[in-house]
Amino acid sequence: MNYALEAEELNINYGKTPILWDLTFQIPEGRLVGIIGPNGAGKSTLLKAALGLIKPLSGKISIKKQVAYVPQRESVDWDFPITAEEVVLMGRYGRLGLFGRLRLADREAAKVALEQVGMSAYADRQISQLSGGQQQRLFIARALVQNADIFLLDEPFVGVDLATEKAIMALLRRQKEAGKTILIVHHDLPSVEEYFDWALLLNTRLLACGPIKEVFTRDNLAKAFGKSQLLFDEAAELSAKSISGIL
Amino acid sequence: MMDFFIDPVLRAPMWGCILMCMASSLMGVLIFLRKRSLLSETLSHAAYPGAVIGVAFFALLFPAHEEWSFLAVLGGAFLSSLLGLKALHWLEQKGKVRSDAALCFVLAVFFGVGIVASSAMQAQLPVWHKQVNMLLFGQAATMSDMHIWIYGSLALLVAFFLFLTFRPLQAFLFDRSFALSAKMPVLFLERILFWLLLLSLIVGIRSVGVVLMSGMAIAPAVAARQFSDRLQTIFILAALFGALSGLIGNYLSVIASLPTGPMIVLVGTTFALLSLFFAPKRGLLFRIIRILAFRLRCLEENILKGIWKKGKFSETPSLRLSFVLWRLKRGGWIDKHSNLTNDGRQKAASIVRLHRLWELYLAESLGFQAEKVHRTAEEMEHILTPEMEEKLTRLLADPKQDPHHQPIPERRL
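Those sequence lines, one after another, are chains G and A. The first sequence runs 4 to 250 under this note's numbering. The second sequence runs 319 to 731 under this note's numbering.
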């Protein structure tokens, strides 16, 4: 079987605090994967490590194919002087190199993607004039024009209206039907079983990774969100403090 | 005035300032959009001790070649800026100092060392001290034609670079992690941008001085941002504002014999201030006008609503209300006796309809208590668009009564 994403004994630290601890997993191609865990579990860090934006302390994580990344919406300045269409076109810049100019095909692709996410009417708007849901649709369109094999989305449904959430899910499902792999950092537990067919449960350490039916059990969820984790956190905090000489 | 551009003595400072300000304003847009204004401030201040010490060494080694001392200024400034940057990174990474604290610390320490070194020169090398002092606030008058070429090439280099790399540049300014994930040459770009920034800061010291250099770079960017939402236009406008500040600032400094740097920066910040107030879309003045217009509309609509509910206008009007009533009459919503016209009645009914629809929506769809919905509805009745009305009507299945059992007026045909 081919894997879209593989990690082997992956460790990532921030200073002396571990963010991800000894992760080993494989995610097969063509799945719709939910990356699930409480706040501060290292979900976003995992995506960034997969993209090579963060260097691991040890171990490795590898993605074989072309990736489209949808960062958290709050990570950019929406007052930036740029139009909706230009944001989508950005998905094509990766191929242009340093001095490239946009071609007609790129503009055509952006137009189609805007149409797909229902944003054609807003192409010339400055991005601060868009609602939260519309801004997220824009990010999805930008990912679509990349024609990637793997989509990595970081909390795409935060601050987004329900209609947009459903529309985005429908689009992503269609991408999955076409053989693409989709990973979504998600923390709304009730919708997990409806949205995903594969899940990766995370809380600093890997708790489970597999088909949704096997992973999404009461037992595992208690491990991810429940009290059994507390002792571990306490010990880790204590060790971080002792090592850095605060205690 | 023409003399300033042609006369062999006057033309060098004039063209020098214009071209230098153009180049640094273009760089300023980048700094401004990346929100790193304080970094350029720190780097330019950190250049000062190097420049001073450079000149001191030069004075001791080649006392007879004063015309080449600018090389010592450039070299020294360059080295100490880099040193400042290293200190900054060290403080942030190893010392775990917060970024803004580290920036201020480096700025103060380096600048302080520069001032001390310059005072030490005062007694030992009085002639050279004057030259060093001039680096604080700039002295364009001593520029020669060579400076036109230096600043001209710098401006051309920066403009050319921005033009050629515009697409990846725009992407990485807006969303750095996306640009990295899409394999754009972000790190390479950042490196080049850093060197261009350092270069423009250091060669700009001559005309504006270390103290005000970054203000010079940022002010035109701030002004340009107010006028446009397109990055291309902002670059062009910033270059224009920059060039104008250089031109006017230098002109004023010559005729009033004041230091060039402060004059240029004053002109630049005047542009920025005027833009913040008077720019058509984002400017403060037009925002205030729009706010007042909205308040006036609310008042008009409320009066129409009041007349619709009570049947007549019963208060003795104050001056403000008389004005509103006059406007309503002129608009054809009420007649001479302050009774609603046909149009006025329809408009009032549709305002009441929006109000009651919103109340119902809050109470039924969002579970608000019926007593608490009136206040927000009072505001929303002026804001809801026809499309939203349509959506509300559909969502609530074309309701006939609001939560207080008042009838909801029919939709306007």
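A hint or two may mislead.
[Stated by the list, open to error] Quick list of the computed label-pair ranges, beta carbon to beta carbon: (1) A:V327 / G:G18: 40 to 50 Å; (2) A:E708 / G:G18: 46 to 56 Å; (3) G:T220 / A:R712: 35 to 45 Å; (4) G:G18 / A:L592: 23 to 33 Å; (5) G:G18 / A:L328: 32 to 42 Å; (6) A:C616 / G:G213: 32 to 42 Å; (7) G:L60 / A:R693: 49 to 59 Å; (8) A:F612 / G:A166: 20 to 30 Å; (9) A:M706 / G:G213: 40 to 50 Å; (10) A:N451 / G:G62: 26 to 36 Å.
[To be verified] Under 8 Å between C-beta atoms, here's a sample of chain G residues computed to sit facing chain A: (11) I66; (12) V70; (13) S78.
Source of the hints: derived by calculation from the structure; they are not laboratory data. C-beta: ideal position from N, C-alpha, C; glycine also.
Evaluation of the provided hints:
In this structure, V327 of chain A and G18 of chain G break the distance hint of 40 to 50 Å, their C-beta atoms being roughly 59 Å apart. For E708 of chain A and G18 of chain G, the Cβ-Cβ distance of about 54 Å falls inside the hinted range of 46 to 56 Å, so the restraint holds. T220 of chain G and R712 of chain A have their C-beta atoms about 41 Å apart, which keeps the hinted 35 to 45 Å range intact. At roughly 46 Å, the beta carbons of G18 of chain G and L592 of chain A sit outside the given window of 23 to 33 Å.
For G18 of chain G and L328 of chain A, the Cβ-Cβ distance of about 57 Å falls outside the hinted range of 32 to 42 Å, so the restraint is violated. Between C616 of chain A and G213 of chain G the beta carbon distance is about 58 Å. The supplied range of 32 to 42 Å is therefore violated. Range check, L60 of chain G to R693 of chain A: Cβ separation about 55 Å, and the 49 to 59 Å hint holds. Checked against the given bound of 20 to 30 Å, the beta carbons of F612 of chain A and A166 of chain G, roughly 28 Å apart, stay inside it.
Here the CB-CB span from M706 of chain A to G213 of chain G is close to 45 Å, well matched to the stated 40 to 50 Å. Checking the proposed 26 to 36 Å range against N451 of chain A and G62 of chain G shows it is violated: the Cβ atoms sit about 57 Å from each other. Given the 8 Å rule on beta carbons, the hint for I66 of chain G is violated: about 10 Å separates it from the nearest Cβ of chain A. The criterion of a C-beta within 8 Å of any C-beta in chain A is met by V70 of chain G, whose closest approach is roughly 6 Å, and the hint holds.
Interface hint status for S78 of chain G: upheld, as the beta-carbon distance to the closest one in chain A is roughly 7 Å, under 8 Å.
Checked against the numbered hints given earlier, the structure breaks hints 1, 4, 5, 6, 10 and 11 and satisfies all the rest.
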